[in-house]
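Student: Once you have looked at the hints, place chain G on chain Z.
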Amino acid sequence: MMKRDECFRVLARHITDEAVVATYSSAVDWVGVAPRVLNYTSIGAMGLDSSHGLGLALGRPDKRVVVLQGDGSLLMNLGCLVTIAAVAPKNLVHLVAQNETYEANGGHPIPSPKVDFAGLARAAGYAAVYDFADLDVFTQQVAHVIEQDGPVFATLHIEPSKPLTYDYPSLYDPAKRKAFKAAWQARD
Amino acid sequence: MEAPAANRVTSSATLDGGRIIAAIKASGIEYVLSVPDIVTSSGLLRPIADDRDLRLIRVCKEDECIGIASGLSHCDKRALILIQHTGFLDSINAIRGIAVEYKQPICMMVGLLQHEPERAPRDSSRYGVRIMEPILDDIGIAHHLVSVDADVAKIQPAIEKAYGASEPVAFLIGRSPA
Numbered sequence: 001m002m003k004r005d006e007c008f009r010v011l012a013r014h015i016t017d018e019a020v021v022a023t024y025s026s027a028v029d030w031v032g033v034a035p036r037v038l039n040y041t042s043i044g045a046m047g048l049d050s051s052h053g054l055g056l057a058l059g060r061p062d063k064r065v066v067v068l069q070g071d072g073s074l075l076m077n078l079g080c081l082v083t084i085a086a087v088a089p090k091n092l093v094h095l096v097a098q099n100e101t102y103e104a105n106g107g108h109p110i111p112s113p114k115v116d117f118a119g120l121a122r123a124a125g126y127a128a129v130y131d132f133a134d135l136d137v138f139t140q141q142v143a144h145v146i147e148q149d150g151p152v153f154a155t156l157h158i159e160p161s162k163p164l165t166y167d168y169p170s171l172y173d174p175a176k177r178k179a180f181k182a183a184w185q186a187r188d
Numbered sequence: 001m002e003a004p005a006a007n008r009v010t011s012s013a014t015l016d017g018g019r020i021i022a023a024i025k026a027s028g029i030e031y032v033l034s035v036p037d038i039v040t041s042s043g044l045l046r047p048i049a050d051d052r053d054l055r056l057i058r059v060c061k062e063d064e065c066i067g068i069a070s071g072l073s074h075c076d077k078r079a080l081i082l083i084q085h086t087g088f089l090d091s092i093n094a095i096r097g098i099a100v101e102y103k104q105p106i107c108m109m110v111g112l113l114q115h116e117p118e119r120a121p122r123d124s125s126r127y128g129v130r131i132m133e134p135i136l137d138d139i140g141i142a143h144h145l146v147s148v149d150a151d152v153a154k155i156q157p158a159i160e161k162a163y164g165a166s167e168p169v170a171f172l173i174g175r176s177p178a
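Protein chains in written order, with the working numbering: chain Z, 1 to 188; chain G, 1 to 178.
Watch out, some of these pointers could steer you wrong.
[What the hints assert, rightly or not] Okay, derived cross-link-like pairs now, BS3-like style, lysine-lysine, Cα gap no bigger than 27 Å in a straight line:
hint, chain 1, residue 1, chain 2, residue 2
1, Z, K63, G, K103
2, G, K103, G, K77
3, G, K77, Z, K90
Just so you know, these hints were derived from the structure itself, not from any lab.
Bound-form chain Z, shown alone:
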């Protein structure tokens, strides 16, 4: 079993000009590990992080988009797997941190800890699907995971975190969103 912040530290070594979409606990950990202008921390509707990511990927096919979603979030928008697989954006990487809890809502369990998200993504038709429970293996493969043609899906099996501080006003600051938009639209 891995820890989310450890996974994100490994991931951050390989992130350059990608948009990284994250919400709730994933956003707290990601922004702590990699504060950067191209972080897109979506607000207001749990589960739609993957849909925001699809829009970003469609709008900038020349750039890559990495979605960092929790298992509770994905469960609230499971249909996104089918939509994303059908649209098939080559530049979208969808990572789901599975700790089997609604962590941001008090740590209550998701309806079933047995759900196989990678299996669901595979059945939906993602181009490549991974399932990681070992940090060494993730470290070894992460570069390939985020660089290959997508849509790519990976489950990260993680422990529940220690209590996090959710500073939503900072996380969802409109100024940060504006800065993201300017940076994301900039052409190389």
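Tutor: Just chain G now, with coordinates in the frame of chain Z:
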């Protein structure tokens, strides 16, 4: 916001889907995000699916559209969400959070299922239709009834305003476009 029903619709009134699609294109819309709606199925969704100038993204559930449109707007790409009013009601938290509180240019074209075109939506015998305009008013989303051909002229200016001011807008489709 709208003219009284008695002034605006007659039994011989029509709504041309081709004119609506032309207005959508003239508004710079590139993407149509949709869950099928029986009101707009034949007159809008089917021709849009065959239209090479528009990219149709079929989603599983209407709230996905809100996230996708927000992502696209961050790329300066314009999208129109084509759904049924039941899907609008199901997506209300996404609309509240992303469209209203986040002030995103979310443009929605909403078919009023089982609405009687000769009536104003607020006077509909269908509860779900009757509450649409009051809900939009309460959450502060500009809305326009598109029920006769003359209403089509509202579409382009409203979409331009939505993207110019980064704010949502809703078009309520009051009869099945032909």
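Student: Does each hint fit the structure? Answer for all of them.
Tutor: Here's how the hints hold up against the structure:
A threshold of 27 Å between alpha carbons decides the hint, and for Z:K63 with G:K103 the separation of about 25 Å falls inside it, so the pair holds. Pair hint G:K103 plus G:K77 holds up; C-alpha atoms about 16 Å apart against a cutoff of 27 Å. Note on G:K77 and Z:K90: the hinted pairing holds, with a Cα-Cα distance of about 18 Å set against a maximum of 27 Å.
In this structure, every one of the numbered hints holds.
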